[in-house]
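In case you want the letters, here they are:
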Amino acid sequence: MKRKFTWGFIGVVSVIILLCLPGFLWRPQQRSEVRDHYQTLLAPVFLVPGSSATQNRFNALVTELNHETKSSHSLLRVEVKTNGQLVYTGSIRPGDEHPFIVVGFQNHNDGYQNILKQAKWFALAFNALQKTYKFNHFSAMGHSNGGLILTLFMEDSLDQKTVTANRLMTIASPFNLEEKDPDVDTPLFKRLTANRQHLPRQLVVYSIAGSKTFTGDGIVPFDSVNRGKYIFQDQVKGFTQITVTGANANHADLPENQQIVGLMCQDLLSH
Amino acid sequence: MVAMGVRAVQNENGWLGSHLIKLEVSFQRNRQVAAIRQSLRLIFPIILLGSLANFFDQAWLQQSGYYYQTLHVAKWLFQVRVLRQYLRLVSAGTLGLAAILMAFAVSYYLVVPVTRQTTNRLMAGITAVISLKFFNVSRASVLSLRPIKWVSANLGLQGILMGLLVGLLIGNSYRWLLNRQKEADLTAPLLLTSGWLMGMAALGLIWTTTQTASLNAAFVSAIQWPFRLPHFILGLFGYSALNSVYAWLGALGSTTIGGQTVATAQNLEAVLNHPGWHLPHPLTPHTVIDVYANFGGTGMLLGLLLAMLLVHAHQQSRQVAWLSLVPTIGNFGAPLMVGIPVILSPVLGIPFILAPLACISVSWLCIRLAWVPAVAYPLLTGTPGPFLAYLGTGGSWVALGLGVVDLLISTAIYYPFVKWHCQAQAQLDGEVLPDEA
Numbered sequence: 001m002k003r004k005f006t007w008g009f010i011g012v013v014s015v016i017i018l019l020c021l022p023g024f025l026w027r028p029q030q031r032s033e034v035r036d037h038y039q040t041l042l043a044p045v046f047l048v049p050g051s052s053a054t055q056n057r058f059n060a061l062v063t064e065l066n067h068e069t070k071s072s073h074s075l076l077r078v079e080v081k082t083n084g085q086l087v088y089t090g091s092i093r094p095g096d097e098h099p100f101i102v103v104g105f106q107n108h109n110d111g112y113q114n115i116l117k118q119a120k121w122f123a124l125a126f127n128a129l130q131k132t133y134k135f136n137h138f139s140a141m142g143h144s145n146g147g148l149i150l151t152l153f154m155e156d157s158l159d160q161k162t163v164t165a166n167r168l169m170t171i172a173s174p175f176n177l178e179e180k181d182p183d184v185d186t187p188l189f190k191r192l193t194a195n196r197q198h199l200p201r202q203l204v205v206y207s208i209a210g211s212k213t214f215t216g217d218g219i220v221p222f223d224s225v226n227r228g229k230y231i232f233q234d235q236v237k238g239f240t241q242i243t244v245t246g247a248n249a250n251h252a253d254l255p256e257n258q259q260i261v262g263l264m265c266q267d268l269l270s271h
Numbered sequence: 272m273v274a275m276g277v278r279a280v281q282n283e284n285g286w287l288g289s290h291l292i293k294l295e296v297s298f299q300r301n302r303q304v305a306a307i308r309q310s311l312r313l314i315f316p317i318i319l320l321g322s323l324a325n326f327f328d329q330a331w332l333q334q335s336g337y338y339y340q341t342l343h344v345a346k347w348l349f350q351v352r353v354l355r356q357y358l359r360l361v362s363a364g365t366l367g368l369a370a371i372l373m374a375f376a377v378s379y380y381l382v383v384p385v386t387r388q389t390t391n392r393l394m395a396g397i398t399a400v401i402s403l404k405f406f407n408v409s410r411a412s413v414l415s416l417r418p419i420k421w422v423s424a425n426l427g428l429q430g431i432l433m434g435l436l437v438g439l440l441i442g443n444s445y446r447w448l449l450n451r452q453k454e455a456d457l458t459a460p461l462l463l464t465s466g467w468l469m470g471m472a473a474l475g476l477i478w479t480t481t482q483t484a485s486l487n488a489a490f491v492s493a494i495q496w497p498f499r500l501p502h503f504i505l506g507l508f509g510y511s512a513l514n515s516v517y518a519w520l521g522a523l524g525s526t527t528i529g530g531q532t533v534a535t536a537q538n539l540e541a542v543l544n545h546p547g548w549h550l551p552h553p554l555t556p557h558t559v560i561d562v563y564a565n566f567g568g569t570g571m572l573l574g575l576l577l578a579m580l581l582v583h584a585h586q587q588s589r590q591v592a593w594l595s596l597v598p599t600i601g602n603f604g605a606p607l608m609v610g611i612p613v614i615l616s617p618v619l620g621i622p623f624i625l626a627p628l629a630c631i632s633v634s635w636l637c638i639r640l641a642w643v644p645a646v647a648y649p650l651l652t653g654t655p656g657p658f659l660a661y662l663g664t665g666g667s668w669v670a671l672g673l674g675v676v677d678l679l680i681s682t683a684i685y686y687p688f689v690k691w692h693c694q695a696q697a698q699l700d701g702e703v704l705p706d707e708a
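These protein sequences, in sequence, are chains A and B.
What the first sequence shows, in this note's numbering, is residues 1 to 271, in sequence order.
What the second sequence shows, in this note's numbering, is residues 272 to 708, in sequence order.
Bound conformation, chain B alone:
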């Protein structure tokens, strides 16, 4: 029966599909990966709330926001300032602490299978959080012997990967020790906890005295350095692929350098001061990637969301997709990344890298052959993905068409992988595969 079932799955999914499903299942059965994915699902509600707050703040209440501009929010909404202060606080308390939550949760979930004692589990999580904080402390306050000030910048979405690594380190050491201990023994966990805390404090002090930035800040700037290179070295593909790989590993948030580049400014100047639509720099990461390969956030996540709704999706994934609808349409991808989770999923990782690359190729060709004008107007935050190009070009219907084509391409690329992902999930849940009919 089982053999027949496996063969049926193979026939239906082809060689690639069945192997990917197998890979996904074995990858997710790995204890470390399982702990990470459990943690991501745990923090999903917090990330969702934070992303919603962020979305409303940036798209509705700021001058560069899509709804702020188009719905003339300033004219009818009162207390915008207070509302913004409130939403920023919400966002700082949710997204801003993602790294800490991940450090705690990963360490906790790693220890759960080896001990029944809640104290040990919690202590593993707490130790991870404190260890992470030892590296994120105000340098001046430590060196000048003033009261210690903790630094909370860079513990947000970009820090998820760092939190995850610290969680793995601490959690595994507890696992190793608890596996070798009797249940009721108190001294060993006590020794381990103090050992870690003293050791990490020493390392943290060494880091603080020798380095000017906190560990997370240093990490973030380290992963950003390739993006500081002139864009022709990295190329559009490299730019996008690197961004996707970082996001897939858990360094979410915008890793690229924001702000107005000289090329963007010159494009705008050319359009505003000269008749016609002749841009000096039609092909830049901004005019191609930001406009045509970033729907729903890094990795064309809007395509993933649509594919999820087309496929007979797994119950939980479908719920996550619906819940993440609003931020995803506004190009805030964090909820889908964390909720599905796309992070560290081999099957979804492939289209996550490929879909933007496909969209970049098509769009590059269209702009290069001057079939479609390049964008010059500033993009408004929260603009629905396929609509970005239309507004950026000042109302070009061809550009809107290209945006829709890119969305369809990415949905099509995601479609088979989402199917396989769902089957892998079903196997992991021990569910019976439902009929495709």
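For reference, chain A alone in the conformation it holds in the complex:
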């Protein structure tokens, strides 16, 4: 009798060894598999100001956001000179997993050609930061033309093999510039829609519009912000449009608008 049960023991041990075999065969490719699904602890939040604003544009906003969220995050500001040189102020605190990085430009003028240049400069700063801090995923928020710069960057310059874009929030970004006539497509809008299939598939996008009057936020026409749907819808994982009204709903005040600060805490920083 006893011998029979010892055979049972040996049988189970052999089954365990047998089940380990696929693991042995798979092990050589384990490292690359782990690397593919690996997400760095560091996932910065990029903030890009609109035209005629500098890298200091969001100082007050970051203070406000740090006040609202449980853990406060450090702030690094980068200014990209017209010759491509990067000037850093502030720092990323060691151990801070979601620092804010504001990218501003020496040439921060409005206009289609300038925006294209700024998108290239942003890519320059992004790649330098990515090489230095070795993060492989990030989120981003752009105010006004900052949102256009980020969208252009994600369509044209983002290397999706090495870096994953998690979330993008655009605040009052005029995807059709300041064009008031809904029937006219600006060259920028045509370019954004033409390259939309390059957008990251797993990206979650929030587009926020301010509404001071019934047609816009005082500077950007509502129709221009509303055109975000022609770029993002059915292209990214999620696209949400939000319209904010009430006090501080005019274009320049939007980043400090309490509702938008709340939306940023909820949708951009809570992950």
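If you are wondering where the hints come from, they were derived from the structure by calculation, not from laboratory data.
Certain hints may be false.
[Claimed, not checked] Below, simulated DSBU-like cross-link-like pairs (lysine-lysine); rule was C-alpha separation at most 30 Å, straight line:
id, chain 1, residue 1, chain 2, residue 2
1, A, Lys120, A, Lys131
2, A, Lys120, A, Lys70
3, A, Lys161, A, Lys212
4, A, Lys161, B, Lys346
5, A, Lys212, A, Lys180
6, B, Lys293, A, Lys237
[Said to hold, decoys possible] Every beta carbon over 10 Å from chain A, so not counted as near; a handful from chain B, in silico:
id, residue
7, Ser297
8, Val304
9, Gln333
10, Gln388
11, Asp456
12, Ala459
13, Ala473
14, Arg499
15, Leu576
Just so you know, these numbers come straight off a predicted model, no measurement behind them.
We put the beta carbon where it would ideally sit given N, CA and C, even for glycine.
Assemble the complex: chain A is given as a structure, and chain B must be docked to it using the hints.
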């Protein structure tokens, strides 16, 4: 003859063994314990099926599963999504309702010896189920006077202990009443049933209005709170022992907080971004307990299974061991816990706590002295126990060796206790002790 037999048993098992056998037998003869163990055996097939479904879902069909990764399941299996939906439904209908089944069965089995009437027995079970449900109801639906929604979360493996307690409460009240009643009397059970239901509904309403979580959810989070402490307060031993004690009492399922801790993430980051294998946190509950002291689920149940096969095991236990083989190798321990049952068995409870502690000591020492590298890669669900360390360290043979040593240690620790357990079972069944030869 009997005296001689007892003495023979004593000689063979030593002082400890014979006393433990005696304790086990008297413990299991207790009416309450007997009802619980009968109930556990009753729900064993359901738990086994649910665990198998769970195992296949997590190990074969999910990205973090061992077989999914190593056998490249995504490449050759079609309709993975439908299959997953199906298996999750199976698992929800079996494991997910374990607490309800236990409440019914415990109450039923407690009443069985005192009445011959099936209606009374069934009514005791039904009352227990309804009472349990009164505390697991959607708060919003009750307070806003909308149609009532029942909550079914937390009625799974972790809720077994809660179901068991409700079953004991209701079942014993029926016992008490039926012991004092004539058989054919209908009014007394009717009064008792309505009394319990009205009373429990009132208590349930008080609970729902004052508490935001259901009773089971509150219970689960209450038993989890020690695990939320920083791990150096509880220590590796405390961590493991507490987990074992909970499981032994019937709170199965993972009581620890899952998810990637900061230490685990930093370990992985260090390994991927820097040459060599230098971990900032080599000794955490994850790198020691999850990897070296959890084969077959909480309490090194794979060691128990092997010991069962080595010992001249009791017929029923042996069958349970064979049936539970697949989930146990994949570290899903529920079938063995319920089928043997390990839950509330004093003799098996001792190695159930000791075996992981022994493995933790040995492994801690080996990692502390840097004889064995600590794991940094994510562990795949369903990986055979002793193999976890090998894959977690990216292919360290020493780590595999340590895993095998830990398995042998736990089997050796379980071995005498399993022997005594079998003898106790044999006595309870009124069987003649078979020869050891």
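Any hints this thing doesn't respect? Which numbers, in order? Structure breaks hints 2, 3, 6, 15.
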